[in-house]
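Novice: Listed below are the residues making up each chain.
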Amino acid sequence: MQNYLPIFILIPLAGFLISLVLPKNDERKISFTAFGTLGVQLLVAVLFVANWLGLGAPDWQMTGWILFKNSDYVFQLDFLFDYITSVYLLVGAILTFLVTLYSRFYLHREPGYKRFFNTTLFFYLGYCITILAGNMETLFIGWEMLGISSFLLISFYRERYLPVKNAVKVFSIYRIGDVGIILAMWASHHLWHQNITFSQLKNAELVHEHLQTHSFIGVFISLMILVSASAKSAQLPFSSWLPRAMEGPTPSSAIFYGSLSVHIGVFLMMRTFPFWEHQISIRILIAAMGLITAIIATGIARVQSSVKSQIAYSSIAQIGLIFIEISLGFEKLALFHFAGNAFLRTYQLLVSPSVVSYLIREQFYHFEPRDKTVEDSFSDKIQNTLYLLCLKEWNLDSIMYQYLWNPMKWAGNKLNFLTVKRLIGIFVPILMGIFIIKESNYFSNDWTLYMPIILGSIGLIFVLKSFTQRRSLRLSWILVIINHITIALAISFNESYDSKETWIYLSGILMAGIIGYACIMRLFRLEGKILLNRFHGLSEEHPKIAFVFLLACLGLTGFPITPTFIGEDVIFSHIHEDQFALAAVVSLSFILDGLSIMRIYARIFMGPNSKTHTEFSNRYF
Amino acid sequence: MTTTHKGFHLEHVLHELKHYLPAQAPLMDFVHHNTLHAFQHLPFHEALRKAHTTLGYQVYLSVDQFRELHHAKRINDDILNNVIEKKKGAKKTTQWKYKLLHQELESVPSPRIGALRGQWKKVYNIDLDSMVHPNLFRLISSYLDQGISIWHFPIENKSFLEAIKELEKKSWLSLFKGKRAKNMLLDEHTTLEDLLSILVGSHPHLYEQYLFDQQFAHQGWSGMVSTVEDLPQTLLDRRQISLHDLIMLECLLEIDTIDYLLSSGWIGLGNTLENPLPSLLDPIEHSEVMEILSIFQEAFEWTYYDQVLAGIQQESKMPKSTGTKSFQGLFCIDDRECSFRRYLESIDPHCDTYGTPGFFSVEFFYQPIGGKFYSKLCPAPVTPKYLIKEIGDEKKWETDPHFSKHSHNFYTGWIISQTLGFWSALKLFANIFKPSMSPATASSLRHMDKFSQLQVDYDALIQQENGLQIGFKIDEMANRVEGMLKSIGLVKDFAPIVYAVGHGASSVNNPHYAAYDCGACSGRAGSVNARVVSQMANKPEVRAILRERGIDIPDETIFVGALHDTTRDEMVFYDDEIKDEFYVKLHAQHAKVFESALDLNAKERSRRFESINTELSPKEIHEKIRLRSVSLFEPRPELNHATNALCLVGRRELSKGIFLDRRSFLNSFDYRVDPEGNYLLNILKAAAPVCGGINLEYYFSRVDSEKLGAGTKLPHNVMGLFGVANGIDGDLRPGLPSQMTEVHDPIRLMLIVEHFPDVVLKTIQRSTETYEWFINDWVILASVNPETKEVQIFENGQFNPYKPINKQLEHIREIESLLESNQENFPVYLIQQD
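Which chain is which? The protein sequence lines are V and Y, in order. Numbering-wise, the first sequence is residues 1 to 621 according to this note's numbering. Numbering-wise, the second sequence is residues 1 to 834 according to this note's numbering.
Next comes chain V alone, as it looks inside the complex (with noise of 0.2 Å):
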């Protein structure tokens, strides 16, 4: 039985196929491809768990293909099927389904009515290859997936300006919890010394031999995993995106926001317990922040005035509790609880526009002039400071611009004297000098030791210069291009291993790379110069330029297309377990390079049309 578990991946991946080459005004064919393959895989997903549990519900693991191997390090597809991936498949499968039924006459007429089934399909697939990922590298697959269906789907309505500008918020936050799962995959790598599977984790003396001996590094892998997961399921201090990501239409806000995507990260914990279940100051700390996030969310979503921030900020607080209850090791009751959560927040923000005449119902015939409430037995100052700090979210919002953002642009602007042309004139013969220098083994072991870190900074620069880069698009595109080669090099000082391993990690970035210069060129044949300095909505006009753009940026950014996202994670295997300088700012590198490709994507393709709207008036709209 255990191999038949890719079908749960297959099914949607059949389905998303099929949506692609669709015609677009086909609403019929869309949509009927759509709950068919939810109604197939629900249909299947019931038979599958009946027998399954006719069998004892025994855990199983089916180790797929290799993907590749080197002599300490390898890539796997592995997939586990237990008690926990039950639930969420059944869960995912169940609301999915009645979502795609549901937006099949809800979206009707509207224009992106084949890309939302694209998007929606193209997450459930995600969504079941996390739930189904039997080690972290596949789940990692399913997890980035998750991230660029999430950011496309907030920014649906593309050409209006808040949709887009809070899709590639999100995506920042997404990116965080994406970097702490690279950097919990080197950790483990260098504690296991090899591929570990989530079922080998549930193995209590495997896990407690290795970690009796490096307590310190076991400690960092879980944090890495609270960071990821906290980031996923918006938890403190990252909950602010989870309201702004209601952009979308409401079923899609519903059943992604509402429900699946932010309950991926109870997931991650849940798949994780074994690994931290005997550290004991961990799983204090996710308790309290469970418990932190519960109480001050609920403080947030009792001062909202609109229906959807208050559905948002209940379902976190109720996530807070997930976690909670996950530390304490009640698993059946988190997943029973992460059940009912996920279809009454569905519920509630389908109906959510029922709210007006309802109540306004109940309060022509019950309305008190004014309600008492709990706070209302606080003295007025405390009162009055609790009120302001709910109703500007703790300033949540604000704290991630302030102290992660601005700081890099920051860093950016401080580097203004290194004009790009200086950048590429100094920095890019001196690169290749390095490297040729290298290949003749002129480096004294000094040298080598510090080439690393040193060559990893220079990448920073790079990538924090076409961040913050306001003017220039072809440039901005560029500097990620370099940076990726920079980090590269950086590695090969680490130790020797086989050059193979640096090209298939810089294949992808240079396909990608090329091919997004060409869009570039096309684009500025056609429509003359883009500056990075607004939004210029062009997808409009050029889909299919900006489909392949969109390809390119994916490629780029180490999307499961290429494969620089195994060669990402094997430069990663080669930076040593004491080098977490090195770690760093490779991760912020990978950080930075993600953003900034996705913002010159929505800069050029997103956002009101440069041509048809002004950029200071109503972009409110």
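These are computed hints drawn from the structure, not numbers from a lab. Among the hints, a few may not be true.
[To be verified] Derived CB-CB ranges, DEER-like:
hint, chain 1, residue 1, chain 2, residue 2, range
1, Y, 62, V, 83, 31 to 39 Å
2, V, 379, Y, 277, 33 to 41 Å
3, Y, 101, V, 548, 29 to 37 Å
4, Y, 62, V, 517, 44 to 52 Å
5, V, 529, Y, 437, 36 to 44 Å
6, V, 376, Y, 283, 19 to 27 Å
7, Y, 451, V, 376, 14 to 22 Å
8, V, 71, Y, 124, 54 to 62 Å
9, V, 39, Y, 172, 36 to 44 Å
[Unchecked claim] Pulled from the structure, derived: some chain V residues nowhere near chain Y, Cβ distances all over 10 Å:
hint, residue
10, 211
11, 303
12, 314
13, 550
The structure presented is a predicted model; accordingly, all values stated were derived computationally and were not measured. Heads up, the beta-carbon is just placed ideally off N, CA and C, and yes, glycines get one too.
Put chain Y on the given structure of chain V with help from the hints.
Specialist: Showing chain Y alone in chain V's frame:
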């Protein structure tokens, strides 16, 4: 701080701003109005050009769309030639026609609004809106909130700005980042001029422009604040907020943000200008593109008008049905009743139908049992002095725990999500596969209980409540019934039963539900009015007075109130009062007629709905139409007033024989009863703003769904129960969602009056407000001579004869097969008489 600010008068600027901002009331009181009411003092095309140049609104379809319409023959080529010739002269016709159809046109210059404030980005590279708007919107929304938040705005009973001051004073946390703005807020003497002199510098002539830029960057919120300031009663839980307060706070937040971002110091915007910017008030320069668009627009309109006028002239004189009437029905003038009445008349040729505004000339506030407020049931501009109370037993409302606030607290939510959560999945499942009525539905029937009583009579013992007279006195009743009957020309030949049929709508998941109800009842169902007027007309005392005034309602005639649900195509008769066996039997017969007419009406409506197969039988379709109204996933429960284009004021015979495709408001009127035009004046006074308002709101929401309409409703998020926005930080979106307007052809309303042109001319000149609609061409006025059927068009202050170019319209015999043929608008047909 006593600097003088020459060239800036605060009161004046606020007044101007309020004039131009959207005037849409909170959702509960949604009433259609001319979206560009602020420009109504100008002729239509000039007004549109001005709105476009200054405020950047799209005001016509695009040139490409028009060219497509011309290509599809939906703009008649002959009419296009006529319009060009009339506007540009015969010589230039060919040249202009080329321009219209083929020439590459230069792009329109960017609007003037926003240019001054855009300097923040240009000069200082500051994105002020994204820093200020979210906080500002949140504060306003929380202050105005009617019941979404659980923890309300902590300062009660104070005006907005005072509440903000108090919040700032009594809190450890500041709204501001820096000291300057905070101190200015708390300083009693700070004036708006002070703030503006910081932001703009000492250039008072720029202040007005700055404020326009600032407020029109979020016209939705500003419009809502301005409306609530003027009409605080549109919020049940009232608030004191003013546009001035909003601007003060916004300027302070702006100063604070700029202080924070430019900590090294900055100067006001006015000082950064190198060249003067065009001001909003500068004269509007001529634009060829706009002229081309206006020609296209008229050609598009006249392509349709011409058919209608031809139809009215060509229609074979209907043999006036003689003999006894089976029943008479009084309906709202609403365009949605147009086809329903046609079906009634064709099923039962002995019945008569009449159209009158759906409040049936009785204006009052209504209080249902257990209601804590009054709702107004008459056109929005009227303020009634009467109160009608529902009497009977207290009703229990079904509740839906999904809207319960307990699910939002983490402790109660913990239990709810693990119990109710699973129930939600089942409910969702049920609603997708078998939609049904639920507490979430806004149903027209909930407006008044069928079995309760109404206190219609004035009671000398109670007399008054909160300044309103409870019930009507006999002569007050007689006046109203007389007014209504005379205005529609129903003064003799009464049938045994006269139905007064109000209308309402039912929908779910629809924040704009009030827009679907009766506009003449302030966006509510017309059931109470229908019942009240029937009870009045049934009173022997009232009939005695009416008899003296020339209306002899025989004792054998009874009036019965009813409600037509336009979404579900269902009817409820308030027939409890029919006691006599004779009438019970008679009514049962009529009820059958109504039922088949409703089925057919449902079928006619269904042709516009993709998800319903129009070829099914009327009964099957009707069932699907009912499901539609309670389906959560259906954003188009009905299409409301979409495609409206006409308003006919005249006898039913004027249009009985033409197929108007549900596009016409029908107001009954008999010129013989009103040779002087006295009742006509009242009709036009209401019809121009009501029908014209509906028509223009559809027009503008259709041509600019970004700024004048609400855009697609799918991402809408309900704010504070008074408005909708996109996402959580967006501006409020007044206007109609695109789902309501997408099938609408944006053309102006043509109002056709059956009376002699000189009488019509004299009548409209008696009211300047009404005259404005016609003289400025916001509504096109035509008169049909009741004796000769000659058509005259009102242009430039006088009536000119018009000869339709359509020579012979097509006849149709089978409406059903026509309906099944396609989804688009039909041309005007003559209905074949056998």
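Novice: State for each hint whether it applies.
Specialist: Against the structure, the hints:
no. : hint                      : in the structure
1   : Y:62 / V:83: 31 to 39 Å   : violated (58 Å)
2   : V:379 / Y:277: 33 to 41 Å : violated (50 Å)
3   : Y:101 / V:548: 29 to 37 Å : holds (36 Å)
4   : Y:62 / V:517: 44 to 52 Å  : violated (35 Å)
5   : V:529 / Y:437: 36 to 44 Å : violated (59 Å)
6   : V:376 / Y:283: 19 to 27 Å : violated (57 Å)
7   : Y:451 / V:376: 14 to 22 Å : violated (41 Å)
8   : V:71 / Y:124: 54 to 62 Å  : holds (57 Å)
9   : V:39 / Y:172: 36 to 44 Å  : violated (56 Å)
10  : 211                       : holds (32 Å)
11  : 303                       : violated (5 Å)
12  : 314                       : violated (4 Å)
13  : 550                       : holds (22 Å)
This entry does not satisfy hints 1, 2, 4, 5, 6, 7, 9, 11, 12, going by the numbered hints stated previously.
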